[in-house]
Amino acid sequence: MLPLILTTIENNDDRALMEELYLRYHHLMYAQALRVLNNSYAAEDAVSDAIEALIKKISLLRNMDCNKRKAYAVITVRHMAINLYRRHSRDTVLEDESLELIPSNSRVEDHVLEAAGVEEIKEAIYQLSENDRDILMMRFFREMSDAEISKELGILPATARVRTSRARKHLIKLLERREAGL
Amino acid sequence: MKQEDKLKEAFSSVAMEQTEQLEKTLTYEERRKSEALYKHHHDTALRLIRKQKVSIVKWVSGIAAVAAAVLLIVWGVNRPAPDIITPATAPVSTVVSAYTNEPLQTETATPAVQTVEPTPHIPELKAHLVSFPEGMRYAVYTGPGERYERANHNKAVVSTNDWIEVFGVENGFAMIQYAITSTQRRVGYIDAAALPTHASVTALEFSYLPAVITHETDLTDDPFGEKTPLHILPASTEAKWLATLDDWVYLEWYGGDQPVRGFVPAAAVRLKSAE
Chain A
904 MLPLILTTIE NNDDRALMEE LYLRYHHLMY AQALRVLNNS YAAEDAVSDA
954 IEALIKKISL LRNMDCNKRK AYAVITVRHM AINLYRRHSR DTVLEDESLE
1004 LIPSNSRVED HVLEAAGVEE IKEAIYQLSE NDRDILMMRF FREMSDAEIS
1054 KELGILPATA RVRTSRARKH LIKLLERREA GL
Chain B
293 MKQEDKLKEA FSSVAMEQTE QLEKTLTYEE RRKSEALYKH HHDTALRLIR
343 KQKVSIVKWV SGIAAVAAAV LLIVWGVNRP APDIITPATA PVSTVVSAYT
393 NEPLQTETAT PAVQTVEPTP HIPELKAHLV SFPEGMRYAV YTGPGERYER
443 ANHNKAVVST NDWIEVFGVE NGFAMIQYAI TSTQRRVGYI DAAALPTHAS
493 VTALEFSYLP AVITHETDLT DDPFGEKTPL HILPASTEAK WLATLDDWVY
543 LEWYGGDQPV RGFVPAAAVR LKSAE
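These protein sequence lines are chains A and B, in that order. If you're matching positions, the first sequence starts at 904 in our numbering and goes up one per residue. If you're matching positions, the second sequence starts at 293 in our numbering and goes up one per residue.
So that you can see chain B by itself, here it is in the shape it has in the complex (with noise of 0.2 Å):
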């Protein structure tokens, strides 16, 4: 072997032991900041989207605009004039005075009373870390009892030695999120009892609204990592729109053997009360 080889092979030996040191080395504060920090692109980048986008639509109905006012005027120049010129029709009814073929009163139609329905209470989701008691392992449900599908093939599990996030809590059940890998996380429910007695968690309020899927869509309980689906929900499905998490809705389903709860996009699902 050249001894520039050597040299590189040595290098190259340290560096990944190294870091291999480092990988098991990693502290949950370390791993809490870095998930703040991706957090903080993925904000970033979502703003700059948004911002791409209504610049974009602004420019288009700019340019929708000029040329339909083009059209109107090349159309009003080139016209022919009318032979007739027959008044509009309003929605009006006359009555006329038998004696001064004036006109009594007018009876303007008026508009159809809008009737506007109270905005449906949607609420967002929000998560804190807490400080689980280590060593501990607990099956992960996705939705709060055991009759609600588990994921990973009915094999969930969270432990405790990392970090984990919670929404808050219902039907004895504590809502969390936490990673499985560095680009992978569950969000689901694990048993209460398992929260620490000092965590003050809140209770979980959603609005269980009826919902459809407008076009085809996976069912995530990942809706930050790797999107890894739990289902596909075909256009039409039916399910209840629970809350709101950033771009994502979390919905309840009740199509497979089990009722699962999971995040779609927002722009692939609508309010039935919406139609």
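Just chain A, same shape as in the assembly (with noise of 0.2 Å):
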């Protein structure tokens, strides 16, 4: 049976599409939600969370093909999980941090993105801090605006594009570094 969340969606191809989703997804949004939570009760939160948030781009997950939609779906309940875990521990390292974007040289960062392979940046994603994959991961993979990653969050939308934009150099920096052989 599906959570009571789904039949407040009144497009039936939507419902149909989230049903077939939640039926077929389930056991892995929560195993994700279990491993950052470590608690079944917020785990069940997040992937209620997740649930919301998936509800809000059905039509981005209409055109994805199955496995993307899986990881989709995954991805997101793992951005609640983490969310849940943030307000529950009072971590307010991340609200701290200040504003200031760091220098940028434009130029430079788009001839590295355009040097670099898929491949390249992938191993360069696999080397980012976790909040930094995390940040990225939320606009390049998920789709979200500066408004939306602000919300979910529950940041300032400056911050968000703070964040998104210092997380966007660091990966930069890592393939610079690995262009330059170090």
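Check the hints yourself; a few may be wrong.
Stated by the list, open to error - Here are the simulated PhoX-like pairs of lysine-lysine, each with C-alpha atoms no more than 20 Å apart in a straight line:
1. A:960 <-> B:300
2. A:960 <-> A:971
3. B:418 <-> B:325
4. B:300 <-> A:1072
5. A:971 <-> B:300
6. B:316 <-> A:971
7. A:1076 <-> B:300
8. A:1054 <-> A:959
9. B:532 <-> B:564
10. A:1025 <-> A:971
11. A:1025 <-> A:1072
12. B:298 <-> A:1072
13. A:1076 <-> A:1025
14. A:960 <-> A:1054
15. A:971 <-> A:959
16. B:298 <-> A:971
17. A:1076 <-> B:294
18. B:519 <-> B:447
19. A:1072 <-> B:294
20. B:300 <-> A:1025
21. B:519 <-> B:418
22. A:1025 <-> B:298
23. B:294 <-> A:1025
24. B:298 <-> A:1076
In case anyone wonders, no lab produced these hints; they're calculated from the structure. All values derive from a computational prediction rather than experimental measurement.
Taking the hints as your guide, dock the two standalone chains into a single complex.
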């Protein structure tokens, strides 16, 4: 049986898509939440939050193949679980960070990204800190705007923008190092 | 390729790899807890549906009662007065005295004695998780013996690497439930010798009451998953009612080449004695 929130979807096709997604991947979503939170009740909340977030992205989900859709559900619940964890543990480390942007040289960044292949970018993504990886995952995989990211993380849109930009620079730095053979 | 697209592709690939890794390392405990959560949602939704049904019935019967009352009032006001008032005939016989012309004795018709048949005992199926030694595979039959039909075109097999629930033991076979995929499960029987020695498993007690299918329905060994049909049972099919499991009835049916056990929705079957 399905979470009651799915019954609130008015469009039949959308509801059918979400029902299928939940039936197929609820065990993975729950397991992912449980790994972050280590608490059954909190994991259940994270799955509910994720379903709510997924409902908002139905049009995007509709155009994905099933593997990408599965990954989208899992990554979404991971982000929701991390948010819940931060809220519960009052982790304010991220809130205290400076809003100052790292000075950038967009020509260099463009060159680095143009030169790098997808596989190289992937390797650099794995070397990023979890915070940087998660926020860039929100931007480039979950295709969220600054406003959406800020709403989900409970931060100001400006903070979301700075954090995304900073994470992107960290990624480019890693790619530069690779290019320089360091 | 545009920078943005390149980044999207790379992040998408990382996300899929992370998900694949999660899938590969999913533990038994995580799967079990996920199943429990799924069941919780299932039960909550069922409770709500039942509540809704009850309130709809109440609402409809309330409307019907009001309509009937209005009709009676209208009919009572409009009907013409009867010319002859005939007393209601009661089912009585009267013996009259030859001397006084008074009734001596009145025999009132007594209602027929209602014979209340004892309610048949129908067991409710219950299962519990049992940890089997990993790395084993066992043939799964739909009933307690090799003479019973084997699901999946005679190829059904359970692996002990995943979760297995046990309902009980009958005729040297253990009734189990296990997952085939994340959405498909199967209830069937394996050789009871496969049970771990520490497992405390009770004997299955079924009612074997004659039952009849009221309308065409699927017989399935997967009542809580995809409900894949083993057979289609037409209306009037006769079977044995073994037990119940939530809104499902567990039946044994001898219609095919081999006997088979499976589940049908409770609304699609009734006991023959209830005719």
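Comparing the hints with the structure gives:
{"no.": "1", "hint": "A:960 <-> B:300", "result": "16 Å, holds"}
{"no.": "2", "hint": "A:960 <-> A:971", "result": "13 Å, holds"}
{"no.": "3", "hint": "B:418 <-> B:325", "result": "18 Å, holds"}
{"no.": "4", "hint": "B:300 <-> A:1072", "result": "16 Å, holds"}
{"no.": "5", "hint": "A:971 <-> B:300", "result": "12 Å, holds"}
{"no.": "6", "hint": "B:316 <-> A:971", "result": "16 Å, holds"}
{"no.": "7", "hint": "A:1076 <-> B:300", "result": "18 Å, holds"}
{"no.": "8", "hint": "A:1054 <-> A:959", "result": "13 Å, holds"}
{"no.": "9", "hint": "B:532 <-> B:564", "result": "10 Å, holds"}
{"no.": "10", "hint": "A:1025 <-> A:971", "result": "16 Å, holds"}
{"no.": "11", "hint": "A:1025 <-> A:1072", "result": "15 Å, holds"}
{"no.": "12", "hint": "B:298 <-> A:1072", "result": "15 Å, holds"}
{"no.": "13", "hint": "A:1076 <-> A:1025", "result": "14 Å, holds"}
{"no.": "14", "hint": "A:960 <-> A:1054", "result": "15 Å, holds"}
{"no.": "15", "hint": "A:971 <-> A:959", "result": "17 Å, holds"}
{"no.": "16", "hint": "B:298 <-> A:971", "result": "16 Å, holds"}
{"no.": "17", "hint": "A:1076 <-> B:294", "result": "19 Å, holds"}
{"no.": "18", "hint": "B:519 <-> B:447", "result": "18 Å, holds"}
{"no.": "19", "hint": "A:1072 <-> B:294", "result": "17 Å, holds"}
{"no.": "20", "hint": "B:300 <-> A:1025", "result": "10 Å, holds"}
{"no.": "21", "hint": "B:519 <-> B:418", "result": "19 Å, holds"}
{"no.": "22", "hint": "A:1025 <-> B:298", "result": "10 Å, holds"}
{"no.": "23", "hint": "B:294 <-> A:1025", "result": "16 Å, holds"}
{"no.": "24", "hint": "B:298 <-> A:1076", "result": "16 Å, holds"}
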